[in-house]
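Protein sequence lines, in the order shown, are assigned to chains G and L.
The opening residue of the first sequence carries number 5 in the numbering used here; numbering runs sequentially from there.
The opening residue of the second sequence carries number 28 in the numbering used here; numbering runs sequentially from there.
Hint data in this document are derived by calculation from the structure and do not stem from the laboratory.
Ideal placement from N, C-alpha and C gives every residue a C-beta, glycine not left out.
Be a bit skeptical, because a hint or two may be false.
One side only, chain G facing chain L, incomplete, derived with CB under 8 Å [unchecked claim]:
1. Val36
2. Gln49
3. Ala123
4. Val252
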Amino acid sequence: MTAAVATRADSSRRIAPRGDAVLGLLMVAPIVVTMLALVIVPLGQTMWDSLHRINPMQAGTPFIGAGNYVRMLSDSDVGLAWINTVIYVAIAVSVEMVVGILAAALINQVKVGRQWILAAVILPWALPGVVNSVIWLFIYQPGAGLLNAILVAFGLPFENHVWFNDRTSAMLAVVVVHIWRMLPLTIVIVLAAMQSIPLHLYEAAHIDGATRPQMFFTITLPLIGSAVAVAMTNATVAAFNIFDEAWVLAGANLGTRPILVQIYLETFQNLRFSYGMALSLVLTAISLLVSLVFVLRFYRTTRFD
Amino acid sequence: MQPGLLQRIITSIGIAVLLIWSLGPIYWTLVSSVTPSADFSLRPINFFPREFTFDHFLRLLGINVERIGGVLVWEQFRVALFNSVATSLLATVFCVAIAALGGYAFARLDFPGKRVVFLVVVATLAIPGYAVLIPLYRLMISLKWIDTYLGITLIYVSAYLPLTLWLMRSVFDSLPVSLEEAAQLDGAGRLRIFFSIVLPLVGPGLTAAAILTFLGAWGQYLVPLVFSPKVTKPLTVLIPEFVTKNFIDYGLITASGSIAILIPALVVIFLNRYLVTGLLAGSVK
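Turn these sequences into a full structure, and let the hints steer you where they fit.
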């Protein structure tokens with residue numbers, strides 16, 4: 005009896021636990037079934053299958069242990085795709101962080117119509133990535149493209165410049181589209197953190213004679229640290245998983261191909277199913293590890309006192 | 028602490044650059060979608076349209092196509108538009124419904140395994156879709172669910188369930204229990220309380236969850252590229268097909284792009300407040 009009373013006191017926020025167990029299980033059953041069938045079991049299968057040789061063109065599915073993992077170490081296409089991916093991640097994350105924080109600080113200055121500016125800024129994020137890529141493909145066109153037209157309007161010799169002939173400019177063209185789509189997320193996260201900083205901190209600094217840049221570096225930046233970590237994690241995972249932009253703009257081109265395009269080609273063109281699975285597990289692990297580093301490095305409990 | 032004049036000029040210029048960067052490509056798409064095909068070869072390019080035409084949209088929707096001629100795509104396009112709307116809406120309805128039921132159970136009810144199940148489901152946020160793509164592909168083939176609405180909808184539901192569940196549970200957690208307790212004293216059952224008292228209170232949370240799921244499903248590319256190759260092909264898979272190696276129909280691309288971005292744009296313009304709430308709740312995992 006006392007035990008029963010004690011348990012009820014423990015779960016004081018909850019009301020009448022009798023019958024709840026059955027109802028609770030029934031209410032979460034759809035989630036459990038869906039996630040088990042479509043995520044957890046397939047993930048386990050990916051792990052198990054990555055240790056086998058699975059190729060519809062070859063008979064049998066022999067166990068090959070770490071064979072797929074060893075193979076990717078000496079696969080030059082995979083190596084190049086990794087280098088491309090790391091370049092994309094480095095450019096995308098650093099630009100999104102620097103420009104995102106500056107843009108959030110700018111929007112934070114605006115008093116009138118801020119929600120409309122924010123809506124306009126969020127828009128690219130909400131659009132389908134592949135449609136963005138098609139739009140930018142049109143902008144990058146040598147003949148009818150907007151980019152060359154603007155450069156020509158400034159008197160530069162870009163009438164028929166082809167942006168995808170050279171690896172550097174092709175990669176930049178791809179990463180610009182990715183940044184266009186992902187920058188809004190950084191802005192939204194950082195802006196929310198900036199808006200939660202109490203105004204009296206700035207007023208006090210103002211009385212002490214601090215300039216605006218000083219306030220930005222001594223008050224704003226330290227207090228948005230954890231939001232920046234969150235934004236950076238999102239940006240990193242998104243950049244490691246870059247696919248739509250690279251695939252639509254440059255297709256299977258080896259010079260611009262990120263690792264996810266490589267996985268797609270290995271799996272659905274070369275039909276090396278288990279090799280694709282091993283690669284996708286490595287990609288998942290690496291993007292999570294890098295994110296973890298950011299979280300540990302930048303995340304701290306934000307205090308306003 | 029009034030900003031000085033210089034300060035305000037810098038802010039205005041910065042905001043203007045930000046707006047041009049964000050909206051410029053969208054403006055260019057809309058302008059190009061109403062540009063007559065012949066004008067695409069004009070040099071120098073006009074930044075503002077010289078002449079208007081709705082021919083590209085008519086071609087896409089199959090209205091008066093005989094007059095315009097050119098490539099016939101309207102049958103494909105109508106189906107793809109329907110497929111995009113249908114799969115995104117179905118996924119949204121199922122995902123939000125399942126997440127609301129489950130979110131309430133995780134927030135208010137006691138049942139065995141509660142904590143573990145919630146942790147495992149939310150942890151799958153960290154697993155990108157492609158890590159389960161191939162087993163899912165083989166599962167869908169064995170069930171003969173490739174290229175069916177059921178198959179693609181279920182995949183979207185499983186992809187957005189962790190995020191919506193997380194969102195819904197935090198919404199229910201933030202509601203005061205007192206209302207439910209009062210209703211219970213009046214003799215209302217659990218489900219009755221859930222449907223007639225709790226659900227009406229979490230409209231904004233449901234909206235935020237629905238927006239995130241809808242936009243996510245609407246923008247999917249790699250998943251339908253694999254799982255919706257023909258009958259259920261959505262806009263995102265159809266539109267890149269207009270770009271072929273030897274021929275690019277700028278009018279078709281920009282008009283179809285305009286239609287594909289119209290619906291997300293309306294969501295952002297009218298439901299921005301909910302979207303931002305959802306984004307923040309979703310990103311601060």
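Tell me the hint numbers this structure goes against, listed in increasing order. none
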